Amino acid sequence: MTSEDFDPNRIRKDFPALDQTVNGKPLVYLDNAATSQKPRRVLDAIHNYYEQDNANVHRGIHELSRRATVAYEEAREKVAGWINASDPSECVWTRGTTEAINLVSVAWGLDHVGEGDEILISVMEHHSNIVPWQILAARTKAKLRYIEIDDDGRLVLDDLGSLLNERTKVVAISHVSNSLGTINPVKEITEAAHAVGAVVMIDGAQGAVHTKVDVQDLDCDFYAFGGHKMCGPTGIGVLWGRKELLEVMSPFQGGGEMIHIVERDQSSWARVPNKFEAGTPNIVGAVGMGAAVDYLNDIGIERIEAHEREIMTYALQQLGEVPGVKIYGPKSVDEHSAVISFTMGDAHPHDISTILDMEGVAVRAGHHCAQLVMKHFDVSATARASFYLYSTKEDVDRLVAGLDQVAAIFN
Amino acid sequence: MESPQLSSLYQQLILEHYRNPRNKAELDEKTVEIHMANPVCGDEIRLQLRIEGDQIADAKFIGSGCSISQAAVSMMTTRLEGASLDEADALAVRFTEMMHGDDSAAKDKSLGDLRALQGVSKFPVRIKCALLGFDALQEALKKEAEDVGGEPN
Ligand SMILES: Cc1ncc(COP(=O)(O)O)c(C=O)c1O
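Line order of the protein sequences matches chains W and U. Oh and the first sequence: position 406 is 406 in this note's numbering, straight run, nothing missing. In short: position in the second sequence from 1, add 1000, done, that's this note's numbering.
The hints are simulated quantities; they were obtained by calculation from the structure and are not laboratory data. Just so you know, not all the hints are guaranteed correct.
To spell it out: a stretch of chain U is covered by chain W in this simulated footprint if at least three of its residues, at any positions, have a beta carbon under 8 Å from a beta carbon of chain W; those stretches are [claimed, not checked]:
(1) 1006-1016
(2) 1042-1055
(3) 1059-1067
(4) 1120-1134
Quick list of in silico lysine to aspartate or glutamate cross-link-like pairs, EDC-like style, CA-CA up to 20 Å [what the hints assert, rightly or not]:
(5) W:375 - U:1058
(6) W:326 - W:151
(7) U:1128 - W:357
(8) U:1122 - W:334
(9) W:187 - W:214
(10) W:187 - W:19
(11) U:1024 - W:346
(12) W:143 - W:111
(13) W:13 - W:346
(14) W:393 - W:19
(15) W:331 - W:214
(16) U:1142 - U:1016
For clarity, every value in this text was computed on a predicted model and none was experimentally measured. No residue lacks a Cβ here, since even glycine has one placed at the ideal position from N, Cα and C.
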């Protein structure tokens, strides 16, 4: 599919926050890997929900409660569709990707991982796909093992066979890296993990934003993603899990909504997914994320992917020509999603970010919640420019012009 | 709101200390060492002092990070050698005041080269970079006071 009929300048008009000046310059927002801006359609959905339908879900017989419940469950169908889940009840609402991963590490992990068992993750993971497993390993006396990365920021999979064995209980891996942009071969990893009987959890915080996800085709066991990086609100995310697994898992938190019958000494649990949704959920968050999916579906993920690829090709080339710039991550756009981590000569990423900010260009500087990646490349931080459907070649040009300022100060 | 100027932030003196940091070395006979990091951005220093009586006999640091954090700690160490513990504490207080926009502090000669960092106060997100070294210093002084105070006499 070509991106010929795709006009990012028209798309930008849907995003009120993009239309402003920062430090006297038109804003160039290149921190999309941290969070995306929100289209008016999502803002309206949030507003309308509170103005017209607001009530608690699954609790009242009255009309507003019915509407709120319908909106909440319809949103679930939408996010299920986004990742091609066969059954919306396999989608559990969470606070975000982080909570989804913690849900699995606790509710599944504590019952299935024991002393001497192994948990396999990678050096590339976001802290939210490392720390929950470290906590689980410490509690259960399991062993945490790592897939290494190479100097192009790709997983070293040649010796995957030696990292997997019958003691491997879970493999947790990111679909797309937030610090390097690497697109991982999660389907192959899943196949290898399943061959030794391990359960596979995919961190899709970036994957579900930039690629077409099909959990049935990936054949994984859990897939976590969130609303705020894909045009939706913060505070909402999804854990997709295989029905058979979700059904036998222990609950995560206790409270209202997740119970069937409460007695003095014990209780029984509601069905999946409510079993994992204790308390009043983030209803408006779900509604907003549903609206984001509608918005993105109207444009089409294939067209967004094609557009991002075009921007990335241009950005890798333009940034690559700036003297002193070193780009981390895979060289080819086939393996490199819309994130560019870079350093520039002596200028610390923090200084780069301040100088760019004065030019109205927003990038992130730091370790990007991936300290193990920084350690691998022996840097304390990188600057990171990340793109999305509304990014343009002019944005890239403004970034490059900003880097000229960096050179002027630091050379 | 008018935007602050980059030139007020990146003074030549700051860039000069960033490129040629003073007192950046391991201190062999240190009596106190404080490791401070800024987890948000990865700035990191280890401040090492040799304290003799109530005087700082030597001050060195090891670190990595942005120009502001590294220049500030470099400049700070140049003011510490030979200073009394009270003077060191006063320096930290004065510098912190300057970071919070106190103009009289910015004119205070006791701050020496550190006055070049005044412009940082106009960049709120960078203030914590400039304060990293002084946070370590204050931590070191606190530790020293506890160690001394804790000794029976
Ligand atoms: C790869 C990856 N995993 C996990 C997360 C955590 O997502 P959240 O903070 O929204 O829970 C992020 C986002 O920061 C991410 O990029």
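The hints, checked one at a time:
1. With 4 residues having a beta carbon nearer than 8 Å to a beta carbon of chain W, the region 1006-1016 of chain U meets the requirement of three or more and the stated coverage holds.
2. With a cut-off of 8 Å between beta carbons, the region 1042-1055 of chain U has 3 residues touching chain W; three or more are needed, and the interface restraint holds.
3. By the rule of at least three residues with a Cβ nearer than 8 Å to a Cβ of chain W, the coverage given for the region 1059-1067 of chain U holds, with 4 such residues.
4. Using a Cβ-Cβ cut-off of 8 Å, 4 residues of the region 1120-1134 of chain U lie near chain W, which meets the minimum of three, so the contact claim holds.
5. Distance hint between residue 375 of chain W and residue 1058 of chain U is unfulfilled; the C-alpha atoms sit about 31 Å from each other, more than 20 Å.
6. Taken as a hint, the residue 326 of chain W and residue 151 of chain W pair is honoured in the structure, with Cα atoms around 12 Å apart against an allowance of 20 Å.
7. With a C-alpha separation of about 17 Å, the suggested pair residue 1128 of chain U and residue 357 of chain W falls inside the 20 Å cut-off, and the hint holds.
8. A C-alpha spacing of about 43 Å is found between residue 1122 of chain U and residue 334 of chain W, which places the hinted pair above 20 Å, so the restraint is violated.
9. Our distance criterion of 20 Å between C-alpha atoms is met by residue 187 of chain W and residue 214 of chain W, whose separation comes to about 10 Å.
10. Simply put, residue 187 of chain W and residue 19 of chain W have alpha-carbon atoms about 39 Å apart, too far for the 20 Å limit, and the pair is violated.
11. At roughly 17 Å between alpha-carbon atoms, residue 1024 of chain U and residue 346 of chain W fall within 20 Å of each other, so this suggested pair holds.
12. Between residue 143 of chain W and residue 111 of chain W, the direct Cα distance comes to roughly 16 Å. Compliance with the 20 Å bound is thereby established for this hinted pair.
13. With a C-alpha separation of about 38 Å, the suggested pair residue 13 of chain W and residue 346 of chain W falls outside the 20 Å cut-off, and the hint is violated.
14. Between residue 393 of chain W and residue 19 of chain W the alpha-carbon distance is near 17 Å, which keeps this suggested pair within the 20 Å criterion.
15. Proposed proximity of residue 331 of chain W and residue 214 of chain W is contradicted: the alpha carbons are some 26 Å apart, above 20 Å.
16. Under the criterion of a C-alpha separation no larger than 20 Å, the hint pairing residue 1142 of chain U with residue 1016 of chain U is inconsistent with the structure, at around 31 Å.
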